[in-house]
Each structure stands twice: as structure tokens, then as C-alpha cells.
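Engineer: Just so you know, the sequences run in chain order G, F and E.
Position 46 of the first sequence, counted from 1, bears residue number 46 in the working numbering, the numbering being contiguous throughout.
Position 217 of the second sequence, counted from 1, bears residue number 217 in the working numbering, the numbering being contiguous throughout.
Position 410 of the third sequence, counted from 1, bears residue number 410 in the working numbering, the numbering being contiguous throughout.
Rather than coming from a laboratory, the hints here were simulated on the basis of the structure.
Glycine included, C-beta positions come from ideal geometry on N, C-alpha and C.
Worth double-checking, as some hints may not be accurate.
To be verified - Stretch by stretch, here's where chain G covers chain E in the computed footprint (C-beta under 8 Å, at least three residues):
1) 46 to 57
2) 68 to 75
3) 237 to 249
4) 254 to 261
5) 281 to 295
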Amino acid sequence: MLNTILYLVLVGIAEGMFLWLVAAGLSLTFGVLRVLNFAHGSLFMLGAYVAFSLVKISGGNFWIALAIAPLVLAIVGMGMEVFFFRRIYDLDMSFQLLLTFSFVLMLEDIVKFVWGPLYQTSPIPPALTGTASILGVSFPHYYFFILVVGSAVGLGLWLFIERTKWGKVVQATASDREMSSAVGVKVPQLYTGVFMLGAWLAGLGGILSVPIRSLSPGLGEYVIIEAFVVTVIGGLGSLKGAFIGALLIGIFHTFGVMYLPVFELAIAYITMAIVLIIRPWGIFGVREA
Amino acid sequence: MKNSRIKSSQWRWPLGVGLFILIILLVPLVGGLFWQYLIANVLLLSLFALSFNVLFGMAGYLSFGQGAFYAVGAYVTGLLMLAKLPLLVSILLGFVAAGVLALILGFFCVRHTQVYFALLTLAFGMMVHAIVWKWSSVTGGDDGLIGIPRGSLGVPGVISVQLEPFTNYYYFLVIVTLFAIYFLYRIHISPFGLVLRGIRENSGRVDFAGVAARKYILIAFIIAGLFAGLAGALMAPLEKTVGPAVAHWTKSGEPVFAALIGGPFVFSGPILGALIYIGLKEFIVRLTQYWLLIFGIVLLTIVLSFRGGILGFIQEQIQKKRSMY
Amino acid sequence: MKREKKKGMNRREFLKAGAGALALGTAVAGGLSFPAIARAKLKDPIKIACQGVHSGPLGNNGEFMRQGALLAVEEINAKGGILGSKIEFLFRDDENKVDIAIKNARYFVTTWGADFLIGIDSSGVALAVGQVMPELNKILIVTHGSTNKYNEDIVYKNKIKQCFRSSIPLYLDGIGGAFVAKDFPFKRWAGIVCDYEYGHTSWKLFKHTLKSMRPEVEFVSESLAKLGTVDFSSHIAKVLTANPEAIYAVNWGGDLVALIKQSSVYKLYEKIGVWLGTMGGAMDVLTGLGREYPKGLWGTTRYWFLYPDTPRNKAFVGDYHKRWNIYPSHNSECAYAAIYMIKHAVEKAKSLELDSLIAAMEGMPLDRPAGPCYIRKEDHQAVYSPPWGQVIHDPKYPMPILTNLKVFPVDKLYRHPPFPPIE
């Protein structure tokens with residue numbers, strides 16, 4: 001019984017880590033730029049496809065793809081921000097949402113056009129095909145790898161935001177853009193940088209999902225809804241919230257599937273609604289003035 | 001000179017409306033069944049989009065969950081028709097059920113603004129979708145309700161019109177929708193509508209104004225839900241089938257598109273938008289399979305340059321010309 | 001193929017001669033008063049419209065469908081068409097949505113002038129469009145949607161005579177799967193089932209059939225996964241905790257690809273004795289998984305391109321591969337067969353009148369790549385028997401293939417009227 005619980009928790013955390021990788025970029029973008037990027041899931045999808053192609057071109061080398069694909073996404077992110085997103089910061093939230101949504105539509109067809117409608121997947125890197133035992137429960141290496149990467153990303157982001165000068169600048173700009181600009185921060189460039197980081201994170205999430213999932217042009221839509229749920233529950237704009245929210249959702253989902261399957265479909269949305277109703281700024285978010 | 005210009009603008013709109021209605025009523029005579037079907041869908045989407053726009057164009061609240069109310073209207077009416085209840089009763093109950101749901105959900109939603117509002121409506125919409133999907137003993141699950149009859153209208157013992165023939169139902173749908181649109185128009189030009197638009201323009205002051213504003217938004221939310229429900233209720237006997245897809249957020253996106261394309265700040269914008277959305281889609285799919293890309297580009301263009309939609313753009317041009325004199 | 005050509009030639013020559021004689025006779029008799037007899041050729045062109053999922057994650061289904069149908073149309077037109085009339089073919093995306101599919105159906109019939117409709121991937125959409133067919137009053141041949149409600153309820157119970165289907169329903173998944181399962185020594189079965197009508201019914205049918213043959217079997221766990229699940233970890237975990245000996249999986253397309261990949265990662269296949277995947281033999285799953293498809297897993301599909309080993313099938317596969325540079329999936333063959341169903345029915349009825357066509361189709365034998373087949377009169381369902389098989393990697397093909405094929409006699413594989421409810 002204890003083994004079962006432990007196993008379920010591990011599975012839940014593994015699921016949750018993926019959610020975190022998607023939600024991290026979304027939360028960051030919202031926290032700083034105040035834009036809820038509907039297209040974030042599509043960036044994840046694009047990252048996965050780019051990685052898939054890189055793996056093929058490099059003759060099966062997962063690690064090269066892991067290094068390069070997120071960078072490609074960062075560049076795409078730069079293009080999106082500079083040419084499009086930049087123009088909408090002063091608009092109604094609604095129009096911002098709609099602009100990001102237009103990218104969801106376009107990216108789906110672009111991906112279909114370039115890579116075709118058939119499912120794609122890549123092999124698990126040979127170094128990670130085994131399993132390891134934790135307290136008598138055997139768990140795949142690859143998922144341990146995901147746990148490590150996810151946690152590293154979390155730690156890295158936390159260090160960056162809290163402990164570096166640039167992180168402090170980002171925080172300051174997030175809470176007061178005008179002041180930041182007044183003291184000389186090049187806000188537009190900062191915004192681009194943050195957006196690029198968000199895209200990089202989406203790309204990373206994408207490539208990590210390729211060996212264990214199937215790629216299809218509709219992937220962006222599936223992923224973004226999950227990311228919304230996580231960021232809302234954790235707190236829009238809060239990276240810590242997104243991390244913990246993601247793990248919680250993963251664990252809830254796993255236990256839900258096991259013991260309360262009839263609610264599986266609605267659990268995420270019910271939780272999201274409850275959080276929005278009771279505590280809209282999320283578990284770790286900051287109440288806005 | 002000025003006098004004649006005022007006079008000409010006075011008859012321009014009623015003439016337009018009259019022509020519009022005339023065309024719709026004449027379609028079955030000149031066009032085939034498919035045209036009637038398309039126009040019926042345009043009218044339903046117009047109604048759906050107009051109801052959405054009460055929240056969006058007028059009050060400035062973007063809802064991604066109107067599909068929930070459309071679905072409730074459709075399922076309630078569908079179930080009642082399958083139980084052989086009279087058509088008008090079934091549609092009325094579908095309409096009311098959607099309104100009740102809007103009252104309940106609205107109570108929670110209107111306390112929030114902007115992003116949170118949008119996300120909460122999205123969450124509620126998807127919850128309805130999940131419930132409809134899972135509750136298959138009632139809703140038929142993913143197969144949905146099948147074989148919904150169209151019923152009949154009439155005075156018992158005096159006259160009865162069967163609505164099973166498509167054209168008969170078409171006329172029924174047209175009449176009900178036109179009345180509903182007129183009703184929404186009256187709301188639009190009423191003092192209530194004025195207050196809503198005031199709220200949109202001064203969105204920063206909503207919290208300042210406090211409870212009163214929230215009450216208005218709640219009423220707007222209920223109206224939006226009611227008429228989304230009516231659109232769904234009318235759809236059920238038209239298609240004779242209702243499935244969970246009507247509650248999905250992609251369905252909720254249709255009125256958003258329509259309102260934006262036509263112009264959310266003019267009353268008839270969503271109607272034009274519905275016409276363009278359906279027409280454009282019909283046209284594009286004959287040319288390419290990549291219609292999502294086209295729609296994405298259209299949406300992008302609108303958000304960047306044409307936020308008032310087509311009618312907004314036209315209005316701007318007219319005002320520019322007028323200001324030149 | 002050669003045999004087919006001869007038949008066609010003969011028929012065409014015969015008809016030409018017949019038409020010529022009739023025309024002559026009519027001219028002699030002052031034929032303008034009998035125009036129907038003078039015109040031995042039917043309406044030209046004969047219009048066939050097709051719709052399937054052509055966008056979104058399931059989009060490859062529609063593409064395979066379109067390719068199969070188009071191949072048939074081109075073959076038939078090259079040989080003179082149907083009774084001398086060419087076929088005009090139109091394909092549209094139904095986006096897996098009921099409202100779009102119905103709209104397309106209406107457009108096809110009332111505006112485009114379709115004489116026949118074929119296609120449809122989703123069970124729900126098939127049911128919805130089926131309901132509209134009496135209004136449109138043309139024949140619909142479903143080529144994929146597998147719900148048993150289509151033939152059992154819509155055609156048999158509700159007597160909507162316009163509906164037909166060229167693809168085998170979920171009997172193959174549920175009943176066929178049970179026949180495969182019964183030969184294994186395993187008693188503890190678990191199910192990973194997609195959470196909708198098709199999944200539920202297949203799983204119920206499997207349990208019911210297996211239990212009737214092997215009463216000692218236990219179903220120790222089941223996990224329902226929503227359509228579009230990308231991460232099956234929880235479901236795999238749930239099923240594993242019940243320690244099953246064997247697993248029955250009802251999922252399709254991208255979901256199945258993800259499920260199999262993740263099951264591999266979780267070493268599920270080392271813990272169980274056998275895995276039955278109902279759509280595991282579908283071309284999109286085989287190409288999607290490629291070398292990642294663990295060998296030894298069982299799967300089936302509504303048409304397996306290497307079965308049967310007949311000249312007819314070989315010719316079809318060869319022509320298809322030459323035309324489209326890929327091997328045909330079940331969607332391709334069932335659409336191809338549907339076009340030929342139409343051709344044979346029109347030739348037999350010598351008319352486009354609905355009731356004659358229906359009468360011609362009922363009981364009609366169909367020579368199709370998938371093997372011997374006939375259209376059952378009671379429920380307008382094509383009766384044929386595709387195989388279940390085991391996955392292996394054969395260097396001759398760019399994707400894994402099925403081997404160790406098991407084929408079941410159709411009277412055991414299919415349910416029969418009066419179709420008792422499935423518990």
C-alpha cells in the first residue's frame with residue numbers, strides 16, 4: 001500500500017514536472033509583461049517539432065536537439081515579441097488575448113504544413129532507457145531525468161530572479177514599468193528578453209516531451225489549457241506558484257485517476273474555478289491593488 | 001445642406017434593416033435548401049455573437065465560456081423535444097435554463113475583471129463540457145442527442161403547421177431570431193446599455209463604483225447567457241442532433257470571432273461578423289485545407305489595425321469625411 | 001487487376017452494343033417519345049462526395065481516406081466510368097465536428113448535387129449525419145466510424161435505409177480481441193480505455209465475450225482516459241498497481257502512440273504477458289511509433305495491407321503505393337471499397353433511383369482488397385474479416401508490420417440481429 005502511494009506520488013510529480021515546464025514560461029510572461037500568452041502551448045509544440053527534426057538530422061542525437069531547439073524557440077519568441085506583441089501592451093487585455101490566440105491558429109497550420117499531419121515521435125536517448133529503484137519502487141530513468149531538469153529549471157529561475165541584478169531589474173519592471181523606465185531600464189529590450197526566456201522554456205518543455213509522447217499539429221491547444229490551469233492555481237505571475245501548482249495538479253490527477261476516475265475530466269477545471277472564485281491570485285500569487 | 005444629410009442618415013439604417021429582413025424571408029424562394037441552411041446558421045451565430053457582445057462590446061468583458069449557455073439551451077430543448085413536449089415550451093425552457101445557469105455562474109464571474117474573468121468563464125465552459133460528456137445517461141455522452149424532432153406550431157383544433165419540412169422550420173427560426181435581435185437592439189439603445197458602455201470606457205473605475213457596477217455586469221451576463229441559450233435552443237431541432245462539442249471552448253470562440261470581425265462597438269457588427277465568418281469559412285475550405293492559418297491572419301490583422309472591426313472601420317471613415325466639412 | 005479489366009471491358013462493350021441497338025431501334029420507332037430508353041447512359045458525371053477528418057491531431061485519417069477514394073475514382077474513370085458516366089469526386093474536411101459534417105452533407109446534396117456520400121471517421125459524427133440522410137435522401141456509405149449503433153440502431157432498428165457502411169464496426173475490436181485473448185493462459189486482465197462511446201462499448205464487448213469463453217477470467221482494473229490525453233502516466237500507474245497479467249487497450253491515433261511509448265518507458269511490457277491494442281495495426285500508429293513499437297504487441301485495424309495475399313490486394317497496394325508513396329491504411333481501403341460498392345450497385349440497378357440502388361446493395365457481394373465481403377441486408381453492414389496480428393520489424397518496410405495473423409469467421413466475429421443489448 002505504501003509502495004502504491006509512493007509510486008503514485010512519483011508518477012504525479014513526473015506528470016507535474018511537464019506541466020511546470022510549460023507553465024513556467026507562461027507565468028513569467030504574464031508576471032512581467034502582463035500578457036497571457038495563449039500561444040505558449042503552441043511554442044511548446046513548435047519546440048517539440050523542431051527538436052524532432054534536429055534529432056533526425058543529427059542522426060538520433062537527443063542532446064544536440066536539447067541544446068539547440070530551445071534556442072531556436074527563443075529566436076522565434078524574439079520575432080513574435082518585436083513584431084507583434086510589442087504593439088499590444090497598451091491595449092485592452094481582451095485584444096492581447098486575441099492576438100496571442102491568432103498565433104495558436106497560425107502555428108497549428110504552419111506546423112501541419114511543414115511536418116505533415118502524421119504522428120511523429122523520437123526514441124528515448126540510449127543513456128536514459130533504464131529504470132532505477134527508489135524505496136523498492138522501480139521508476140524510469142527518463143522520468144528521473146525530467147525531475148532533475150525540472151527542478152534545475154526551477155532553481156535556476158529562482159536564483160536568477162532573486163539573486164542576480166538582472167533578476168531584480170525584472171522584478172522591479174514587473175511591478176512598476178514606468179518607474180523602471182524612469183530610472184533608465186531599457187524596458188522594451190527587457191520585455192523582449194523575458195519573452196525570449198519564456199519561449200526558451202516552452203521549447204525546452206517541448207523537446208523533453210518528444211521521446212515519450214506523440215507529436216501532432218493539435219498539440220498546442222491541449223497543452224495550453226493545462227498550462228492555464230496550473231498558472232491560475234499557482235498564481236498568475238508567480239513562478240513559485242507555478243512550480244508547486246504544477247506538482248499539485250500532477251499528484252491530484254494521478255490520485256484522481258486512481259480513486260475518483262469519474263471526475264478526471266472535470267477535476268482540473270473545477271479546481272481552477274474554485275481557485276479563481278476564492279483566491280483569484282492563486283496560492284502564491286500577489287493580490288493586485 | 002446639413003438638413004438633407006441628417007435626413008438621409010435617418011432612413012439609411014431602417015432601409016438597410018428592411019432589406020436585410022426581406023432578403024432573409026425570400027431566400028427559400030430563390031435559393032435551395034443549402035442556402036436556407038447557411039442563412040439559418042448565420043442568424044444563429046448572429047444571435048450568439050450579439051449575446052456575447054452584450055458582455056464584450058458593451059461592457060468590455062471577454063467571456064470564453066458562452067458555449068456553456070449555448071449548450072444548456074441546446075440540450076434542454078433537445079431533451080424536451082425528444083420527450084415530445086411542444087416546441088415553444090421546449091425552446092422557452094431551454095432559454096430559461098440557460099438564464100438560470102448564467103445567474104449562478106455570473107454571480108461568481110462578475111466579481112472579477114479582465115484576465116480572471118476570461119479564465120473563469122473558460123473554466124466554467126469546460127466544466128459544462130466535461131459534465132455533458134460524462135453524464136451519458138442523460139446527454140448521450142459523446143454521441144449526444146440524436147433524432148431531435150422539429151415539432152409543430154399551431155392553435156389546437158384550429159391549425160397546425162408541421163415544422164419537420166426544412167423550409168417551415170427555417171421560417172420559424174428566422175422569425176424568432178429576428179425578434180430576439182430586435183430585443184437585444186432595444187437593450188443596446190436603452191439607458192441600461194448606455195451604462196454598460198460607460199463601464200467599458202471607464203473600466204478602471206469599476207471597483208471604485210463598487211457594487212452598483214457589478215449588478216449591471218451581472219444583468220449583462222444573464223442577458224448574454226439567456227440569448228446564447230436561445231441560439232442553442234433553436235439549433236437543436238434544426239440540426240436534429242446535439243453533441244458535447246457545443247460546450248467546448250472552440251465553440252465559445254465563434255461569437256468572439258464574429259463580433260471582432262464585424263465590429264464590437266456597433267450594434268450590428270456581430271451580425272455582419274457572423275455573415276463573414278460563415279461565408280469566409282465556406283469559401284476558404286473550397287480553396288485550401290489551411291483555413292486555420294487564414295483565420296489566424298485575419299484575427300491578427302484585426303487586432304493590430306482594425307479593432308473596431310469592419311463596421312468600426314467604416315464608421316471611422318464616415319466620421320472622417322463628416323469632419324472635413 | 002487483369003480480371004477486373006476484362007470484366008469492365010466486357011460490360012462496357014456490352015452496354016455500348018446495347019445502347020447502340022436501342023438507339024437504333026428507338027430512332028426507327030420515332031424515338032423522341034421514349035427518351036428514357038434512348039438514353040442508356042445515366043446522368044453524367046455521377047457525383048460522389050466524401051468527408052473525413054483533415055485537420056487537427058487526427059487529420060491523417062481524412063488524408064488516407066481521400067487518397068483511397070481518389071485512387072478508385074481514377075481507376076474507374078480510366079476504364080470508362082460507371083455505365084459510361086464519369087465520376088466527379090469532391091472531398092471536404094469535417095473537422096471531426098457534427099455541425100460541420102452535417103453542413104457539408106447538406107452542401108454536397110442540395111448544392112453540389114452529390115448522388116452519393118461516403119466517409120466519416122468519428123462514430124458520433126456518423127450517427128449524426130446518418131440521422132439527416134432521410135431528409136437528404138441519398139445513400140451514405142460510412143468508411144471508418146465504428147460505432148455499432150450505426151448499423152444496429154440507425155439502420156436495423158430505425159430503418160434508415162439510406163445508410164451503409166464499408167468498414168467493420170467495433171466487433172473487430174471487442175469480439176475479435178476476445179478471440180485472440182482466449183488462447184492465452186492469462187486470467188487477470190486490465191483495460192486502458194478511451195473515455196467515450198467507442199471505447200466503452202469495445203471494452204464491454206471484449207469483457208462480455210471473453211468471459212463467456214473463459215469464465216475464470218477476472219478484470220482487475222480499468223482506466224478511462226479522455227480523448228486527447230498526452231500523458232498516460234496516471235493511467236499506466238493505476239493499472240500497474242492491480243498487477244494484471246494482460247492488458248486490453250482501446251485508444252487510437254496519437255493517443256495510442258503516446259500510450260505505447262509511455263508504457264515502454266514504464267516497463268509495462270516487461271510486467272505483462274500480452275497487450276492487445278485495438279487500433280494498434282493502423283498505419284498512422286505504425287508509422288508514428290516506427291522503431292519504438294515494441295515487438296510482440298498485438299493490434300488490429302479495419303484493413304491490413306498485407307492480408308489477404310491475393311492478386312487483388314497486391315494490385316491495390318501496389319497501385320496505391322505508386323500513386324501516393326505510402327502504404328494504404330484502413331481508411332484508404334474502406335473508402336476505395338465504398339467507391340466500388342457504388343459502381344457495382346449502379347451497374348446492377350442500371351439506375352440512380354434510390355430504392356433500386358438500395359435493393360442492389362443489399363446482399364451484394366463485394367470484391368475488395370480486404371478479401372471476400374458482402375453487404376448484409378438487415379443492417380447494410382459490409383461483412384468481412386480483417387486480421388489481428390503481432391508487431392514485428394521487417395527491414396523490407398519503413399514501418400513495423402503485423403505478423404502471426406489471426407482471422408476469425410465472420411459469423412462469430414459479427415453480432416447478428418436482433419442485436420441484444422451489451423451488458
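Engineer: Does the structure break any of the earlier hints, and which numbers would those be?
Structural biologist: 2
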